[in-house]
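Number of protein chains: 2
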Amino acid sequence: MNTIISYHQTKFGELWEFSLHDLIRIAVTEAIKDANIEKSQIDAIFLGNMMGGVLENSLHMGAVIAEQLKLHIPVYRFEAACASGGMAFQQANIYLKANPDKTVLVVGAEKMTDAGAGAITEALSAAAGIDEQFAGLTFPGLYGMLARTYLDKYNYSEENLAHVAVKNHYHGARNKKAQFRKEITVEQVMKSPYVASPLKMLDCSPISDGAAAVVMTNNKTLIKNAKHAVTVLSTELATDSISLKGRKRLDTLEATVIAADKAFAEAQLERKDIHIAELHDCFTIAELLAMEDIGFWKKGEAGNRIANYETKIGSGSGLTVNTSGGLKAAGHPVGATGLKQIGELYMQLTNQAEDRQVDGKYGLAHNVGGSGGTAVVTILGQV
Amino acid sequence: MNTIISYHQTKFGELWEFSLHDLIRIAVTEAIKDANIEKSQIDAIFLGNMMGGVLENSLHMGAVIAEQLKLHIPVYRFEAACASGGMAFQQANIYLKANPDKTVLVVGAEKMTDAGAGAITEALSAAAGIDEQFAGLTFPGLYGMLARTYLDKYNYSEENLAHVAVKNHYHGARNKKAQFRKEITVEQVMKSPYVASPLKMLDCSPISDGAAAVVMTNNKTLIKNAKHAVTVLSTELATDSISLKGRKRLDTLEATVIAADKAFAEAQLERKDIHIAELHDCFTIAELLAMEDIGFWKKGEAGNRIANYETKIGSGSGLTVNTSGGLKAAGHPVGATGLKQIGELYMQLTNQAEDRQVDGKYGLAHNVGGSGGTAVVTILGQV
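Chains W and S supply the protein sequences, listed in that same order.
Counting in my numbering, the first sequence runs from 342 upward without gaps.
Counting in my numbering, the second sequence runs from 342 upward without gaps.
Honestly, the hints are just simulated from the structure, not real lab data.
Hints are supplied without guarantee of correctness; some may be wrong.
The list makes no distinction among identical chains, and a pair is therefore deemed to hold if it is satisfied within one copy or across any two copies.
Under the rule of at most 27 angstroms between Cα atoms (straight-line distance), these lysine-lysine pairs were calculated in the DSSO-like manner [claimed, not checked]:
| id | residue 1 | residue 2 |
| --- | --- | --- |
| 1 | K603 | K532 |
| 2 | K589 | K411 |
| 3 | K517 | K438 |
| 4 | K603 | K438 |
| 5 | K561 | K438 |
| 6 | K380 | K589 |
| 7 | K589 | K565 |
| 8 | K640 | K561 |
| 9 | K653 | K374 |
| 10 | K380 | K586 |
| 11 | K411 | K586 |
| 12 | K640 | K352 |
| 13 | K438 | K380 |
| 14 | K640 | K411 |
| 15 | K603 | K443 |
| 16 | K494 | K411 |
| 17 | K603 | K589 |
| 18 | K380 | K603 |
| 19 | K603 | K411 |
| 20 | K374 | K565 |
| 21 | K532 | K568 |
| 22 | K702 | K568 |
| 23 | K374 | K702 |
| 24 | K523 | K653 |
Same shape as in the complex, but just chain W (with noise of 0.2 angstroms):
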């Protein structure tokens, strides 16, 4: 069974002393000495990053990592905008079942904060259609849209979504390595000015730095030896039409829901025996829909039962939500978002989450790419 054996986190924020290559590095040897193993050990690597070409005109960022390790092991990018990440850890996973006795690398990161605001604008909405380009829609212009569409469709206020902002804050506040750890109210995400009606500035997850790194294998021997080892029970990936006009609703994203059903069948598991779900929560809007994308929730009811906040860590319900504090508040750098959501997981499963320590045997990762074209679910358990 593919074990994953180690992970590393920078901490995710405004890194101005670091370069994303800084970031990579610090990720992947840090990572390598977590998991006790020597870098000789890895038999390839596993990158997802969307932004280094246009942000900063790096591309073939294998052989930068190749450089940095001095190894000549095979390194692949992988690109799916913000699902980049998920993309890299559901292939390492495949790597994994075809060759026995193997050990890889995951990294995930992203250098943002660099960037002007009409770049880093243009380099988030790379991940929308052309003709969403031409239309002049941005990326949280595109989530509007999809925020609008479902109040609008099941009757709910702009105040329904504001409680995932609440509560994935009052998470973040308990997590070391978060961007914001700061707790917020109802009050102030809805007096925060909009971005992108009916999404206001606290509805919005930030611009951010930081890579995210796991180690992973099917060597028995390397998983019997590991301090903390977490099972890979599945990873699934599914697309959609990357223009929402493309899409049959607009108040689902349907390759959550197959990524979801896969992963679901894969590992044998069902709905509730899931205690602890990182989602991608890029918007508040995100995770209402991935709570019932996911089959967690049943379509239409996210907007009342986020108001009970039945996903807040200590509220007994059994399924805690975003317990690093989402993208929200834990900060959201692109290529990183898919490896640290496994990597929380990681962290939770193995009683290393300190004071944001949550009960549970599995978990499941949930990392979207632009505004529904591409997602990932990924289900881990204890060993």
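Given chain W's structure and the hints, the job is docking chain S onto it.
Just chain S, lined up with the frame of chain W:
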């Protein structure tokens, strides 16, 4: 055994009437048609593209393909500079090893001729190390340094490079899909203006648009029913320091040496078993280095042997190189090149290569990223 059952290539050249996404769509839909299957029989798609982000702000292209095909299957995008196509193919092969009874499509594409000279020079330099970029080194500049090292060390003149271009233009003239279908002479190469000494204009591959796709399967029924099929014996990827300063030697690309050794070991073949090779001749020097690094010729002797034209169609030597015209004459839409090389072997091994047909049971493709930071070597055989 993983088997290629179809191939489609757009013409390579200045295709102003098509966008990047048009080229992808054409190659994908035609390859599916040629395989005589329905699109619903495709389980996953692997895309190689380098410059979609930097040249046209298009990332997340997996979801673009999902929209074009109206499918929800996994679509993975790989980027390793000019080895993006080879990397996509190499991972697709791993996917099939992990998953029995599956069929995948691998597509490579690039749209380069819409960009201005400055933009394309910068985009190509994204394949180099950041310090090399800061030093002002262009892509031809890096290969110019490799060429200078080789000519000086083994006491050759610039004419020893020119024969590569003459041979590959001779081949390209016989390939209807090639960008340049015109034979050239050594004198013409020698009289062409310097781009980056000692490399002259006719030592360099062109800026190109194009796409290429293969359908590969391990489904026994599809293999049995295929009109034209070729077996994948091995495909291996290795890396090296992205920057030349990080290399031990500059008269060899170590990533090629490692990938080739692994590919021959996996295929259980000797160098002499290969009758057809598509090598990564982005510049004339690159084909000479590849002939030696793969082990067809001894280190230092390529400069002499190329002058005998023993790898030209009709020479009778038993090994013909770059029957497609290579990158030099067939064109080099960078993300498509790795797939076009594999496709050319497919056409040759299934006797569909028309005016450029040569005999042979086994073929080798060699795809390089940047100045050698990534190399992919693939060996195919007749079924």
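Check K640 against K352 for me: Cα-Cα at most 27 angstroms, and say if that holds within a copy, between copies, both or neither.
-> Neither, since 35 angstroms and 48 angstroms both go past 27 angstroms.
For K603 vs K411, is the C-alpha pair at or below 27 angstroms within one copy, between two copies, both, or neither?
-> Between copies, since 19 angstroms is at most 27 angstroms while 38 angstroms is not.
With identical chains treated as interchangeable, where does the CA-CA distance between K603 and K443 reach 27 angstroms or less: within a copy, between copies, both, or neither?
-> For K603 and K443, the Cα distance is within 27 angstroms both inside one copy (25 angstroms) and across copies (16 angstroms).
27 angstroms Cα threshold - placement of K374 relative to K653 | neither (33 angstroms within a copy, 51 angstroms between copies)
Using 27 angstroms as the alpha carbon limit, work out where K589 and K565 are close: within a copy, between copies, both or neither.
-> So K589 and K565 fail the 27 angstroms test inside a copy (47 angstroms) and across (38 angstroms) alike.
For K374 vs K702, is the C-alpha pair at or below 27 angstroms within one copy, between two copies, both, or neither?
-> within (26 angstroms within a copy, 47 angstroms between copies)
For K640 vs K411, is the C-alpha pair at or below 27 angstroms within one copy, between two copies, both, or neither?
-> between (50 angstroms within a copy, 24 angstroms between copies)
Alpha-carbon proximity context of K380 and K586, limit 27 angstroms | between (46 angstroms within a copy, 22 angstroms between copies)
Given identical chains, is K438 near K380, meaning Cα to Cα at most 27 angstroms, within a copy, between copies, both, or neither?
-> both (21 angstroms within a copy, 26 angstroms between copies)
Between the shortest in-copy and the shortest cross-copy C-alpha distance, which are at most 27 angstroms for K603 and K438: within, between, both, or neither?
-> both (17 angstroms within a copy, 20 angstroms between copies)
Between K640 and K561, at a C-alpha cutoff of 27 angstroms, which is it: within one copy, between copies, both, or neither?
-> Answer is neither; intra-copy 42 angstroms and inter-copy 42 angstroms both fail.
Intra/inter-copy verdict for K374 and K565 if alpha-carbon distance must be at most 27 angstroms = within (17 angstroms within a copy, 49 angstroms between copies)
Violation of the numbered hints given earlier is confined to hints 1, 3, 7, 8, 9, 12, 21; the remaining hints are satisfied by the structure.
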